[in-house]
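Chemist: Chains as they are written, first to last, in numbering that gives the first Met the number 0: chain B, 0 to 167; chain F, 0 to 319; chain E, 0 to 429.
Derived by calculation from the structure, the hints in this document are not laboratory data.
Quick caveat, the model's predicted, so the values are computed rather than measured.
Just so you know, not all the hints are guaranteed correct.
[Unchecked claim] On the chain F side, residues computed to face chain E include the following (Cβ under 10 Å):
| hint | residue |
| --- | --- |
| 1 | P22 |
| 2 | T27 |
| 3 | E34 |
| 4 | V37 |
| 5 | T100 |
| 6 | H116 |
| 7 | I118 |
| 8 | Q128 |
| 9 | P131 |
| 10 | A144 |
| 11 | V208 |
Think of the CB as a built atom: it goes at the ideal place given N, C-alpha and C, for glycine as much as any other residue.
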Amino acid sequence: MLVIADLLNQLEAELKKTIIERNLVNPLMIGIRTGGVWVAEQMYQRLHIAEPLGLLDISFYRDDFSQIGVNPNVRPSQLPARVDGRDIILIDDVFYTGRTIRAALNEIFDYGRPNQVVLGVLIERDGRQIPLSPDCVGISIILNVGQRIKLTGPDPLAIEIQTLTVAA
Amino acid sequence: MNDNLQLNSEGKLKHFLSIEGLPKELLTEILDVAESFVGMSDQQIKKVPLLRGKTIVNLFFENSTRTRTTFELAAKRLSADVLSMSIATSSTSKGESLLDTIRNLEAMFVDMFVVRHAISGAAHFIAQQTAPHISVINAGDGQHAHPTQAMLDMFTIRQIKKDFSNLRVAIIGDILHSRVARSQIQALNTLGVPEVRVIAPKTLLPAHVESLGVSVSHDLNAGLKDVDVVIMLRLQKERMTSALLPSESEYFKCFGLTEEKLKIAKPDAIVMHPGPINRGVEIESKVADGPQSVILKQVSNGIAIRMAIMAMAMQKQGIM
Amino acid sequence: MTQILIKNGQLIDPVNKVNRTGCVYIVDGKIVSVTNEPIGFKPDTIIDAQNKLVCPGFIDLSTRLREPGQSRKATFKSETLAAASAGMTTLCLQPDTHPVIDTPAVAELIKELAKKAGYPQIYPIAALTRQLEGTELSAMLTLKQAGCIAVGNANHPVRNLLILRRAMEYAASHDLLFMFRPNDYWLGNNGCAHEGVFATRYGLPSIPEAAETIALDQCLELVDLTGCRVHFGQLSCRRSVIKIYQAKKYGLQVSADVAIHQLHLTENNITPFDSNYHVLPPLRTEEDKQYMRQGLASGTINSICSDHQPHDIDAKLGAFPETEPGMSSLETLLPLMLKLVAEDVITMEQGIASLTANPARVLRIESGALTVGFNADVCIFDPELEWQVNTENWKSQGMNTPYWGQTFKGRVTHTLQAGKLIYSLENGSH
């Protein structure tokens, strides 16, 4: 049973701790569309970040273009002018294989060279395929076969674990 | 007909040769994907890595700096490697050397051909002959089709007019020799435009032109009434020397778009032209540079549309 | 003395008004009887034509064998085998060989090639003008004496009407038949498709109906003026049929043929950009096809030809307008004719007459009939036998046919030319 309020609180606490530990100065917060943006909006308010939230659409940086093709509903990413030398807090909803974060990092680095990137996710689950890991999490869980996480939002933000019935 | 060649086994775009045979949903998808590329020119990053590692060859058997550079730019913005070849067609150059050119390039592991050729059916021929993993985009073949131009025109119309289902569109000029007009007519009809009119002297209209799905007028004054979109076609100089028209000035008198004539159309009508413009022949400068003209928008939309079409034709290449 | 008996077949001989079961008795290459067995007849060969039709061998008014000069496309050897397997015993060779048939040497060469291929009954059509350039007359009399059966313009234009008039007058003075394919070069404007819905949709350079009918009309006027006998070849238009009808009614000595594919295919059948459908004259409209069919049924158009034009693969590889026009069509001639019969366009007798009696009459040769004393040119075919157009069955070197892969009904089982069995289905060839 996942309680969203608990997850958000835990993530907020870990982020606050990491900001101090890693000396983040005037961090730029970036949320990954779409679920990551919803979570980022929450963190953004709780951490009192001044600068507008950055929005990242990673559709064009995905590695599965030849499998799933072009997404017809892409809106452009919105990042401020410079990321050079910035401390970045990257927020996503679920950390699973790691491919989304790889794509997000590639896109951010096309904008410039950040000083450092701190990754915060609401839920870290099993199923890693790329050697990346979040710095801050709301919770780490292991799912059973056929289970998946579904986040709905933005208002109200809600989370549930769904079991997919496998077709015979 | 063409759709079997253009679509892969899952109904996704593989070759883009002609508007004919493509369903409305696919055309709409192209417009939607292009939408996401439009904002890119204003972005800090003008590139996306979608086609990184892919090689695109522009095979231009007919000269065209404008179209070629748009395709080059579009390919580069998708992070593809681009090779542009301008091949002069000798009078003896036929299917043989065309095939040889293709085979030689295939041996260098290319992924896509963008083809412009003076003969109708050339892009279709190349698509049929080329190795199965390669996609072919038609950048204009003879008098048959220029589908990317038609799509950028549709994109421009949608940007401004939003809804195709209540538009009157007039296409004015040399329909007979125009691959752009043929593709535009097909796109307009597929997207559900209720009325497409062609306005031209009889010498510049093909036989049975109504069979394309248009109504015909030989009189600009009558034909422009209540029109929402005015598309002007370029008049080439050869038409005078081959006894199709007496002179440019007589053509301008009857079919040239002037400020006065434009008033016959709806007050919010837009003026389009695939370019390059012959000022004073088919259109006067006041209109071409005027407030109702969207000609420059067409040009900038050209890159986004071509990016969309190239990206969609290359997708799912891993899976046959 | 070689004696051959064809027995139990359904004899169809339009000239002699024969349509019954019977036998054909052949001695030393000639037909000696189609009724009673000759006294002392002891056949060396017996062909059982049970359930088959026996008719005169087919006469093709327009064929191209590509030799001399274009053996890359086809040879006498390959194409005469195809012709024999298709029931043809006489071929008229169009003059646009390389070199053109405008000297007796070329006519002699053709006779040699024909003999060497074991298919002697090939009649060269002499070029109307030197090199087919349309300006100077060819040596028509010399060519006639060298064995040419007629003069023709192939697909080439004559420079102007004055030259055409003079050429026709000259041909008339030597009692030569002029085989004319009408097409106005300038109206034709290097088109590759009929000026209609299909060409408009696909942006193909096109040929209006008027290109054929105007040239036809001009020539008809010149027939009236010069008295030249003219056979109009490979017509394709509605109005052409009407003009021939009117001309005949008026009393002009003219005849006309149609290529078999024009009786079946129209611009609606063309798979876009498939060069197998690139032919000249182009495939026209449904209405034109119906008129051609009616013209055939009513006798205005009285002959069918194959218009056989085999091509090498490269000739058909390219964007549609760049490819060479023409269809390889000998072997589909019979089944397509039978299809017309099955569709009630013509009767079987009419169909066979259009391939035998009528061409013979046009050419004024003693052939096209099972008449006693004529050369034994006989075709035996099974009208029910189905076969597929594929590499196994196709004999022509040219595979340029839109019918590739299709199954047809009607196949030749035996072909005799001057009493010699030049083809039998079970043996493949002779």
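Chemist: Honestly, which of those hints from before does the structure not fit?
Modeler: 1, 2, 3, 4, 5, 9
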